Amino acid sequence: MEDTVRFKLNGKPTKLTVDVDRKLLWVLRTDLELTGTKYGCGESHCGACTVLVNNEAVRSCHVTMKDVAGKDVLTIEGLTKSGKLHPLQKAFVEHNALQCGYCTPGMIMNAFALLRRNPRPSSSEVVKEMDDNLCRCGAHNRIIRAIQAAGKEMKGGI
Amino acid sequence: MNNDLFFENDLLNNYSPSQQSRREFIKKAGSGIFILFAVGDTLLFSQESVRAPQQRLPSDFNAFLRIGPDGRVTCFTGKIEMGQGVHTSLPQMLADELDVALDSVEILMGDTDLCPWDMGTFGSLSTRVFGPALRAAGAEARQVLLELASENLKVPRERLSTENGVVFDKADKKNRVSYGKLADGKKIERRANGKASVKKPAEFKIMGKSVPRRDAADKVTGKANYAGDIHLPGMLAAKILRPPAHGAKLVDIDLSEAEQIRGVQVIKEGDFVAILHKYPDVAEQALSKIKARFDRPDTGVDDKTIFDHLLKVAPQGRATTKDGNLQQGEQLSKTVVEETYFNDYVAHAPIEPHTAVVNIEGGKATVWASTQTPFSVKGEVARELGVAPEQVRVITPFVGGGFGGKTRNLQAVEAARLAKLSGKPVQVAWSRKEEFFFDTFRPAAVVKIKSGIAENGGVSLWDYHVYFAGERGSQHFYTIPHHSTVVHGAGWTGAPGSHPFATGAWRAPSNNTNTFARESQIEIMAAKAGMDPVEFRLRNLADKKMQNVLKAAAEKFGWKPANPPSGRGYGVACGTDAGTSVATIAEVEVHKATGMVKVKRVVCAQDMGLVINPEGATIQMEGCITMGLGYALTEGLRFKNGEILDLNFDTYEIPRFSGLPKIETVIIDNKDSDPQGGGEPAIITMGAVIANAIYDAIGVRLFHLPMTPERIKEAINKS
Numbered sequence: 001m002e003d004t005v006r007f008k009l010n011g012k013p014t015k016l017t018v019d020v021d022r023k024l025l026w027v028l029r030t031d032l033e034l035t036g037t038k039y040g041c042g043e044s045h046c047g048a049c050t051v052l053v054n055n056e057a058v059r060s061c062h063v064t065m066k067d068v069a070g071k072d073v074l075t076i077e078g079l080t081k082s083g084k085l086h087p088l089q090k091a092f093v094e095h096n097a098l099q100c101g102y103c104t105p106g107m108i109m110n111a112f113a114l115l116r117r118n119p120r121p122s123s124s125e126v127v128k129e130m131d132d133n134l135c136r137c138g139a140h141n142r143i144i145r146a147i148q149a150a151g152k153e154m155k156g157g158i
Numbered sequence: 001m002n003n004d005l006f007f008e009n010d011l012l013n014n015y016s017p018s019q020q021s022r023r024e025f026i027k028k029a030g031s032g033i034f035i036l037f038a039v040g041d042t043l044l045f046s047q048e049s050v051r052a053p054q055q056r057l058p059s060d061f062n063a064f065l066r067i068g069p070d071g072r073v074t075c076f077t078g079k080i081e082m083g084q085g086v087h088t089s090l091p092q093m094l095a096d097e098l099d100v101a102l103d104s105v106e107i108l109m110g111d112t113d114l115c116p117w118d119m120g121t122f123g124s125l126s127t128r129v130f131g132p133a134l135r136a137a138g139a140e141a142r143q144v145l146l147e148l149a150s151e152n153l154k155v156p157r158e159r160l161s162t163e164n165g166v167v168f169d170k171a172d173k174k175n176r177v178s179y180g181k182l183a184d185g186k187k188i189e190r191r192a193n194g195k196a197s198v199k200k201p202a203e204f205k206i207m208g209k210s211v212p213r214r215d216a217a218d219k220v221t222g223k224a225n226y227a228g229d230i231h232l233p234g235m236l237a238a239k240i241l242r243p244p245a246h247g248a249k250l251v252d253i254d255l256s257e258a259e260q261i262r263g264v265q266v267i268k269e270g271d272f273v274a275i276l277h278k279y280p281d282v283a284e285q286a287l288s289k290i291k292a293r294f295d296r297p298d299t300g301v302d303d304k305t306i307f308d309h310l311l312k313v314a315p316q317g318r319a320t321t322k323d324g325n326l327q328q329g330e331q332l333s334k335t336v337v338e339e340t341y342f343n344d345y346v347a348h349a350p351i352e353p354h355t356a357v358v359n360i361e362g363g364k365a366t367v368w369a370s371t372q373t374p375f376s377v378k379g380e381v382a383r384e385l386g387v388a389p390e391q392v393r394v395i396t397p398f399v400g401g402g403f404g405g406k407t408r409n410l411q412a413v414e415a416a417r418l419a420k421l422s423g424k425p426v427q428v429a430w431s432r433k434e435e436f437f438f439d440t441f442r443p444a445a446v447v448k449i450k451s452g453i454a455e456n457g458g459v460s461l462w463d464y465h466v467y468f469a470g471e472r473g474s475q476h477f478y479t480i481p482h483h484s485t486v487v488h489g490a491g492w493t494g495a496p497g498s499h500p501f502a503t504g505a506w507r508a509p510s511n512n513t514n515t516f517a518r519e520s521q522i523e524i525m526a527a528k529a530g531m532d533p534v535e536f537r538l539r540n541l542a543d544k545k546m547q548n549v550l551k552a553a554a555e556k557f558g559w560k561p562a563n564p565p566s567g568r569g570y571g572v573a574c575g576t577d578a579g580t581s582v583a584t585i586a587e588v589e590v591h592k593a594t595g596m597v598k599v600k601r602v603v604c605a606q607d608m609g610l611v612i613n614p615e616g617a618t619i620q621m622e623g624c625i626t627m628g629l630g631y632a633l634t635e636g637l638r639f640k641n642g643e644i645l646d647l648n649f650d651t652y653e654i655p656r657f658s659g660l661p662k663i664e665t666v667i668i669d670n671k672d673s674d675p676q677g678g679g680e681p682a683i684i685t686m687g688a689v690i691a692n693a694i695y696d697a698i699g700v701r702l703f704h705l706p707m708t709p710e711r712i713k714e715a716i717n718k719s
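The listed protein sequences derive, respectively, from chains B and P. With the working numbering, the residue at position 68 of the first sequence is 68, and numbering never jumps. With the working numbering, the residue at position 453 of the second sequence is 453, and numbering never jumps.
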């Protein structure tokens, strides 16, 4: 069913007329041309499509447009402020916490939600929170270190 | 080195060296100094090509570099970046040979209109085969610059030197000219002939140093483009009707409900049915409305019966190595061990599924594809469209993981077909299900070994038969007087009637299977001989390079000799791949009641010759170790009658954070040797090292990969 959906996208009020049953992932990638959020499995198993809705990490392949009405949506594109890398992004670069880079936006967004709740996670806390985000290249241990380093950099988890 | 590295593969049939003349390439690239080079010039490659006469090497050139009037250096190569880091390491080589800052070197990869023909990115070849050729071209370019500067500065060449993009007079450093100025307004073309000498390791300023990935900033911000991120005006996303099983035939179809969905375009050409829509999700939804009936095959083959089937259809073997006399070897043996090893089919499962966009305009097709072999795509798409290859341009954006799986390019052919039929730009982005269904799986394989140990602890007999895995890594490197290695089956693609679906090269193809079998057998013999597994290997190794890596791994691990099973849960495995020697030691904990294995620590030592980017090489080793945990412990494809039963990550379990051990790596300092492979070797030891560690922990031997909890419990019950 088509309807007008209003929500905040990366801090900007956004209005979109769209079939409200469509999934956020595809609306981001097509109508909104934000392709940083990736398709990996379509069934919430891999986490490549992770974004934040009202500060909670969600799998955008399973969230409908109806679900985001009136809410705050944050994607990887919204993490960089005035061209400056977010501490998490910087930490991923510095720790070489990526290879092919395809899972990276989802990893960073999931980690961002984690650090908002828990700015100083232990490595086992990071493992627990990140366990359903899949990486095939094997950057895992570096991702854990990057997240912990970013937590120390970030002021109050933001 | 085995010749199947390149050639035991049907890919080559799709390759044809570029038809574009050098003039066309250079015209497109603008003015400057051009150095053309062919990878076939390098000694290593020519040695390998002698063994593979069927390969048609481009006789002219297949990469070039340009120094522009702005002083910037660009390398044009058909290689691609899929995470392995050559986007960073290749420019490092060029910057060092040319004496320019790394920042002023660019690399343009995988664009078939701008880059000359290249075979593809696989086989750990970019650094060890492409690298030396690139360095030689850089050295040649430096010579050209010195010649030009000699004229320009009116100084004899011997008095000139280079630094940071400038040629200067050693007697008067102020008398200098920049590379950009020398290249300005010129069109100089030189073929690298290998005579200009490359730098010695002692002279390196950029090579051998860890530098950060150059693609990282784009990848952490979401700016990096992958094939699925290409949006063209009027582009339609396609979803294609797939059979429920390999070999299933469409018998009946009702498209009426799908056609009702607003904005869809339905394409039907014989059994090929696709839904096109502006939005991929709407196309997918429309696809689900198609009512289709298929006749499904009853092959009687599933993931349990496949091994009997394979052994039944296995062709006569081909002896690849033989020495001594097996009968005599058996007579000399105090103990003879005869075992059979198995491994299941394994998926590549990159997180980015196969994707392509095709746009046909004015008779020319442009393809954006996630591929390891852009020039192969060019040929395949041209064939599909019935046009000359010159009419097809393939652009390779960043590739979201390949591991060998993106050497098959069916998705690009499908996108081309649909672009032609619909008259619109078309994107084909496979779903995860399609990715599993159409994968070129690592083949299920069997290895049979009969080996013997003499009274003195020496291996006296080695009778080795590998079925369907392929040759790479099948030759042992121990000192064994009576031995034979026989390879059955035409490599990883199999033969018609063998595998129930497509199989292909999977990271370090063949070698994972061969190393699992060999190194398990070695450790069984060590246990029979009552010897420590490190000591047993060293006792039977004459290969100095292998001895060194094994000693290095043992030292880093803090190895204390003991006879397996020691209860400590320590395993050892050695192997060679792509010219690199690797030794791995792992520590595991086995929970006997559940069959669960926790890999606690992995130490891996590697001698890969000259290392260009040590951090990059370390990351590749870590990636190999991590990916190897999957085929060792959890990854085995289930299927029945052509139907693939694992179609997503819920049942097909790839390694995740909680399964990661502490990983420690050692790279042997061997910079005076040629660079060897780095993207694959460390994965080959993972099956055996964990199998051996499990045996050391609980005294139970696993012969079948993956070593799932069920298989471990079954083995415990049998013991």
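To be clear, the hints were calculated from the coordinates, so they are not data collected in a lab. On a predicted model such as this, the values are computed, not experimentally measured, just so you know. Note that beta-carbon positions come from the ideal geometry of N, C-alpha and C, so glycine has one too. One or more hints might be untrue.
[What the hints assert, rightly or not] Below, computed lysine-lysine pairings styled on DSSO-like, alpha-carbon distance capped at 27 Å:
(1) K28(P) / K187(P)
(2) K28(P) / K8(B)
(3) K66(B) / K424(P)
(4) K205(P) / K90(B)
(5) K28(P) / K15(B)
(6) K205(P) / K173(P)
(7) K278(P) / K173(P)
(8) K66(B) / K289(P)
(9) K713(P) / K640(P)
[What the hints assert, rightly or not] For each label pair, taking beta carbons as the anchor points, the in silico distance ranges come out as:
(10) E2(B) / A101(P): 53 to 61 Å
(11) K128(B) / K209(P): 35 to 43 Å
(12) K152(B) / R159(P): 48 to 56 Å
The hints, checked one at a time:
Restraint check: the Cα-Cα separation between K28(P) and K187(P) comes to about 12 Å, which is no more than 27 Å; the hinted pair holds. Of the pairs offered as hints, the one joining K28(P) and K8(B) is violated, with about 45 Å between alpha carbons and a cut-off of 27 Å exceeded. This hinted pair does not check out: K66(B) and K424(P) have alpha carbons roughly 31 Å apart, beyond 27 Å. A C-alpha spacing of about 26 Å is found between K205(P) and K90(B), which places the hinted pair at or below 27 Å, so the restraint holds.
Taking the CA atoms of K28(P) and K15(B), the gap is near 44 Å; set against the 27 Å cutoff, the hint is violated. Under the criterion of a C-alpha separation no larger than 27 Å, the hint pairing K205(P) with K173(P) is consistent with the structure, at around 20 Å. For a cut-off of 27 Å, the pair hint linking K278(P) to K173(P) is broken: about 62 Å separates their Cα positions. A distance of roughly 23 Å separates the Cα atoms of K66(B) and K289(P); the hinted pair therefore holds under the 27 Å criterion.
At most 27 Å may separate the alpha-carbon atoms for a hinted pair to count; K713(P) and K640(P) meet this at roughly 24 Å. With their beta carbons about 54 Å apart, E2(B) and A101(P) fall inside the hinted range of 53 to 61 Å. Judged by the Cβ atoms, the range 35 to 43 Å given for K128(B) and K209(P) holds: they are separated by roughly 36 Å. Checked against the hint of 48 to 56 Å, the pair K152(B) and R159(P) passes, with Cβ atoms roughly 54 Å apart.
Hint violations for this structure: numbers 2, 3, 5, 7, all remaining hints satisfied.
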